[in-house]
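Each protein sequence line maps, in turn, to chains G and C. Mind the numbering: the first sequence is residues 1 to 131 in the working numbering, read in order. Mind the numbering: the second sequence is residues 1 to 280 in the working numbering, read in order.
The hints are simulated quantities; they were obtained by calculation from the structure and are not laboratory data. Computed from a predicted structure; not experimentally measured. Each hint can be trusted.
Ranges of calculated distance between the beta carbons of each label pair, as one might list FRET restraints: (1) G/T78 to C/P78: 50 to 60 Å; (2) G/G129 to C/D276: 11 to 21 Å; (3) C/D276 to G/T17: 29 to 39 Å; (4) C/D179 to G/A75: 58 to 68 Å; (5) G/T68 to C/Y123: 27 to 37 Å; (6) C/S277 to G/A75: 25 to 35 Å; (7) G/R8 to C/L230: 42 to 52 Å; (8) G/R8 to C/G260: 35 to 45 Å; (9) G/G129 to C/Y123: 42 to 52 Å; (10) C/A153 to G/G30: 14 to 24 Å; (11) C/A153 to G/R8: 25 to 35 Å; (12) G/R8 to C/T228: 50 to 60 Å.
Just a sample of chain G residues kept apart from chain C, beta carbon distances all over 10 Å, derived: (13) A3; (14) F31; (15) I42; (16) Q45; (17) Q48; (18) M64; (19) A75; (20) L79; (21) L82; (22) A114; (23) S118; (24) F125.
Quick list of in silico lysine to aspartate or glutamate cross-link-like pairs, EDC-like style, CA-CA up to 16 Å: (25) G/K27 to C/D147; (26) G/K27 to C/D140; (27) G/K6 to G/E53; (28) C/K105 to C/D225; (29) C/K191 to C/E150; (30) G/K93 to C/E269; (31) G/K27 to G/D4; (32) G/K127 to C/D276; (33) G/K123 to C/D272.
Don't be surprised by glycine CBs; every beta carbon is placed ideally from N, CA and C.
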Amino acid sequence: MAADPKMRFLVVDDFSTMRRIVRNLLKELGFTNVDEAEDGAIALQKLQGGGFEFVVTDWNMPNMDGLTLLQTIRATPTLKHLPVLMITAEAKKENIIAAAQAGASGYIVKPFTAGTLSEKLNKIFEKMGQA
Amino acid sequence: MTATNDSDDLEALFDSIAGDFAPAAKPAAAPAAVAKAPVTDDSDDLQALFDSVAAETQAAKAEAPGLVAEETAGEEWPRQEAVFNRIGHMARLLHDTLGQLGYDKLLSQTVSALPDAKDRLAYVANLTEQAACRVLNATDIACPLVDDIENGARALGERWDKVFANQLGPQDFKALAVDTRAFLNGQLPEKTKGAHAQLTEIMMAQDFQDLTGQVIKKIVSLAQDLETGLMGVLLEVLPDTKRTEEVNSLMNGPVVNAEGRTDVVVNQEQVDDLLDSLGF
Chain G
1 MAADPKMRFL VVDDFSTMRR IVRNLLKELG FTNVDEAEDG AIALQKLQGG
51 GFEFVVTDWN MPNMDGLTLL QTIRATPTLK HLPVLMITAE AKKENIIAAA
101 QAGASGYIVK PFTAGTLSEK LNKIFEKMGQ A
Chain C
1 MTATNDSDDL EALFDSIAGD FAPAAKPAAA PAAVAKAPVT DDSDDLQALF
51 DSVAAETQAA KAEAPGLVAE ETAGEEWPRQ EAVFNRIGHM ARLLHDTLGQ
101 LGYDKLLSQT VSALPDAKDR LAYVANLTEQ AACRVLNATD IACPLVDDIE
151 NGARALGERW DKVFANQLGP QDFKALAVDT RAFLNGQLPE KTKGAHAQLT
201 EIMMAQDFQD LTGQVIKKIV SLAQDLETGL MGVLLEVLPD TKRTEEVNSL
251 MNGPVVNAEG RTDVVVNQEQ VDDLLDSLGF
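Isolated chain C, as found in the complex (with noise of 0.2 Å):
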């Protein structure tokens, strides 16, 4: 959470929180590592804080360098007390509020639907993956197949020619004969079978469209719950101009929805004409 999302009220309230709270001495044992983190996303109040727990330890530090960073870390723990404190009172606030709104409600009904919704993602992921397994399964089972025939027909083909063409002789035409015949009654309809078999297969794969289908929608539907109900939330607790920063990566997967959108291509042409256009 940076400073710039926090709306002006959570700041009021924050601030008349740590108004209000008086830091109790309570020496305790706390990783020093944590008041040495990085603070540069939290608010200025935070920042003050962390800055004047930083500039003790270093103060301390000065005093006693035979000091062990445990030590130095207990002077630190009522400050983070306080912090945790202000946080605590803050959620209790914020559940307070959705309570009256009726909010929580909804939230509750929600997250004790997402294990749900994980588990049948799972499930669509498992059987799509199978989907996939069976089907390239079987295009290798029915390439060779297809392979064979093609090859076969080609070699009795350029036979064929031959007698045509006045070049074979009556004991190379019963030959051929005799191949054809077993090309045609045995080779032939065998593989065309083994490859229908594979086709079939191929077909019967797509079985989990109707049950993905189901699943996915549950999801969508639940999806939206979500998104209204701390939509809902948002509104009511961000009432202002806040808006979150655009999520800006590299790694987005498929683009799900281009409607609007001109940020995306969606077809290979508009890659090509942006590589082209860039002189790639």
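So here's chain G without its partners, still in its complex pose (with noise of 0.2 Å):
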């Protein structure tokens, strides 16, 4: 599956100025169709809402953490499939092989550069257009 740049977008960080950076370097590799939650509940609110295809999401979140936000999307029927890509400061060994378990399609550590992020996408995409 080619990246469409109407793909819509779900970034999902407890701080905006995180989630206004993903927001701007989403925008320059030609995606504009982005939305935003501070945190896990208010992002699986709107994913319920449907429309979306592609989750960015924090692990250190109040309410509900990225973790259990990405866990419960894997156990959603219908959300299932929604590839989600973890952009965190968590760098233990254990916080990486945890989310790879839960199902993440990718993990990016901060600090990031425009170019990891863009990179992890095109494999994520290249991945969703084997499947």
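Using the hints, put the two standalone chains together into the complex.
Written as structure tokens, this is what we have:
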């Protein structure tokens, strides 16, 4: 599946600065259809409303953290196909393994670069194309 | 606090106080929930105490099933008071010990400095957030300006390409010359000036670093004092091999010092390698 520029992203992070940065980077990459949520619980609500095709989420957030959000997405039949890219400051190997086991589509540690984001997105698009 | 974290000294102290203490009967209302709270982490003594209270409560309930919770709770109160009294004794002894060792002064200094440190950290959070917003606002303004310059230049360039390919009539050429002059004299300097102003804004938004740097240095030194003080107390009170359990959590935030640690990754490459090695 080629990357559709109309693809609808949900960016989940409790810090508005990080949401803005990710939104801007996605815009640079040609994706302008971006919505934001400030924690996992709000994200889940928005996702259940439908229409999203990609989730970019932080890990450490109030109310519902990113791992729980990921696990909930994977356990929800209508959402489980969604690619979920984690962008987080959590850098313990344990975290990375837990995220991978929970079905994360990619894992980026903060601080990160525009190049890394682009690379990981493309990798995920490639995999989606093969599936 | 778990039983494994207690020192033998503390256990002994606890036992001796427990032995001295004779619980006085003094009925008063207390929430029944306290006795029903899970007690898995308490020391054996406490466990035994709670077990006996729980057994009593059960017995009381069996004898008088109609009794409301508050009334049964009244019978538990002397036991609870015993616990509070023992804790009070221990706190007093700890206080005296600390006083004798001279740590009380250090600790009170540190404790009084903590609200100040909280304010300072809030100040840092505030300044850095402001800076981040200023920078993002500046890029929001500057990016369209730069895009305009790029698009204007490309459009003119394409028209000039036609001139060089002999595809443009004299009228069109004249119009191109006028447009190019207008672009060079008007749009270009105006937009570069605008973009430059935003670059200056981004530079100025970094002024927080000086202020937060000073504040953070103060807090680091406070934290060091606190650590030294508390470490001293711990070494006095827990002289043996007691160790706190390693904090085992998946939400630790950024790794501020990865030196000597093998359980963390330090860059994206290591993340990718780890995932590759696991076959993800």
